Every structure is written in C-alpha cells, then in structure tokens.
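Asks: If you want the building blocks of each chain, they are given just below.
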Amino acid sequence: NAGVTQTPKFQVLKTGQSMTLQCAQDMNHNSMYWYRQDPGMGLRLIYYSASEGTTDKGEVPNGYNVSRLNKREFSLRLESAAPSQTSVYFCATKMPGQGNTEAFFGQGTRLTVV
Amino acid sequence: AQSVTQPDIHITVSEGASLELRCNYSYGATPYLFWYVQSPGQGLQLLLKYFSGDTLVQGIKGFEAEFKRSQSSFNLRKPSVHWSDAAEYFCAVGSYNTDKLIFGTGTRLQVFP
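Residue numbers (the working numbering), protein chains in the order written: chain P, 1 to 114; chain L, 1 to 113.
Do not take every clue at face value.
Output of the computed footprint for chain P on chain L, the stretches with three or more beta carbons under 8 Å from beta carbons of chain P [to be verified]: (1) 42-50; (2) 69-75.
Cut-off 25 Å, straight-line C-alpha distance, at most; resulting in silico cross-link-like pairs (SDA-like, lysine to any residue) [what the hints assert, rightly or not]: (3) P:14 x P:101; (4) L:100 x P:62; (5) L:49 x P:62; (6) L:49 x P:5; (7) L:100 x P:101; (8) L:68 x P:5; (9) L:100 x P:27; (10) P:57 x L:68; (11) L:100 x P:44.
Think of the hints as simulated: they come from the structure by calculation, not from any bench.
Here the structure is a predicted model, which is why all the values come from computation and not from measurement.
Backbone N, C-alpha and C define an ideal beta-carbon position, used for all residues, glycine too.
Construct the complete structure from the given sequences, taking the supplied hints into account.
Replies: Shown next as structure tokens:
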C-alpha cells in the first residue's frame, strides 16, 4: 500500500524545457491536489481536482497545466519551465467532504530550473 | 476566502521545555483546522484536526491544539519537547463550501539538547 507516489523525486531542467510531474494514489480518493513549497511561502495550491475529469485553479496556476485522466493519477505539466518554477512540488489526495477530511501527501518532487 | 497566518517563522526551544506554535485564521464561517508536521526531506503528516465539538483536540506525538473562536486562533502546544520534534509545522484551514486546503507559511522548530 504505497499511498501517494510522486515521480520523479528530483529533476533539473533548463529554462524553456517542458516536463510532466506524475502523481498516483492507491487510496481510492476522489480529490487530488498539486502544491508548491517555497521558503517562507508555505504550501501554495496550484491546481486541484475534485474528481476524474475535473480540474480547478488554485492560488498560483500560471505556467502550469494539469490532467486527471483517471481516478488514480493527476499529472502536473510545465510547458516552458522558468527559474521561478524552481520549487518542491507536492501531490496530495483526500476523500471529498465539506472541507473536513484529512489530506495525504506524497514525498515531493524537487525541481530546479536553470 | 480563507487564509492562515503563522506569525513565527522560526522558534528555538530547549529539549524538555514547553512549546506553543501560533496560528491565526481568517474565515467567515466555522473553519476546519489542521496542523501538519514536515520532517526534513519528507512529505507532510497530520498531527491533529478540529472540526467541531470540544475546542481542545489531542493529536499524535503528544501534541494538542486549542480552537479559540474569539481570537481566530488554533495554537499548537506540547508540554515537553523532544529533540525528534525538530521539524517544520504547518497550520491549514479547510472550508465548508469548497474542498480546498489552504496552508500557512510554516514555523520551523529547532530543538537544542
């Protein structure tokens, strides 16, 4: 039972390159989230998905796209990476509720854009 | 829109001392409040949560938190800190009408022997 799995764990990109961060969960949760964590900024919500086939913008969506093709997987894509996107990215999942359910996090992807 | 403020960026305590980490929230209705802990290089783990009822909630690892509506606060406490408690702590708020979870900026706890 892996919970929430993120790949890759580390990545270095050149400015302008594209890449996709993968997240998969085996917890049968409907809701999935992408956050970025930056020093002094805490975790900021990029996108979230309440269910398969639906996505919504969070606090900082610019420069990112997401895809929720099935219940298990929620990917985050950087089409043209910028140094400002250097960060640690976390995927999270939770059961849907009225805001009162616990979120479970992956181990993070540390991305550096040079 | 909901928001969370953690006024202390960095706190240092001696092992065995008591601890209080501050969290203030902004939300128009009854909030759902959480404290998470992040050890170095790790993801986030839930310490405790408040939804309703008793305003003093107990969590894992000996932590507790008290919800004070009049002060819009949800401070985390521990009576005696252990060196293994050194980590970053995040307060978060969820809302009734969305499924978003909004985090504060975090407090880094350092524990001296």
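Asks: A separate judgement is required for each hint: does it hold in the structure or not?
Replies: Hints and how they fare:
1. 42-50: holds (count 6)
2. 69-75: violated (count 0)
3. P:14 x P:101: Given that 25 Å is the threshold and the Cα spacing comes to 38 Å, the pair is violated.
4. L:100 x P:62: Cα-Cα ~18 Å, so holds.
5. L:49 x P:62: 31 Å, violated
6. L:49 x P:5: OK: residue 49 of chain L and residue 5 of chain P at ~24 Å, within 25 Å.
7. L:100 x P:101: It holds: about 10 Å lies between the C-alpha atoms, which stays within 25 Å.
8. L:68 x P:5: Violated - the C-alpha atoms of residue 5 of chain P and residue 68 of chain L are around 36 Å apart, more than 25 Å.
9. L:100 x P:27: Holds. Residue 100 of chain L to residue 27 of chain P sits at ~18 Å (cutoff 25 Å).
10. P:57 x L:68: 31 Å, violated
11. L:100 x P:44: 11 Å, holds
Going through the hint list in order, the structure does not satisfy hints 2, 3, 5, 8, 10.
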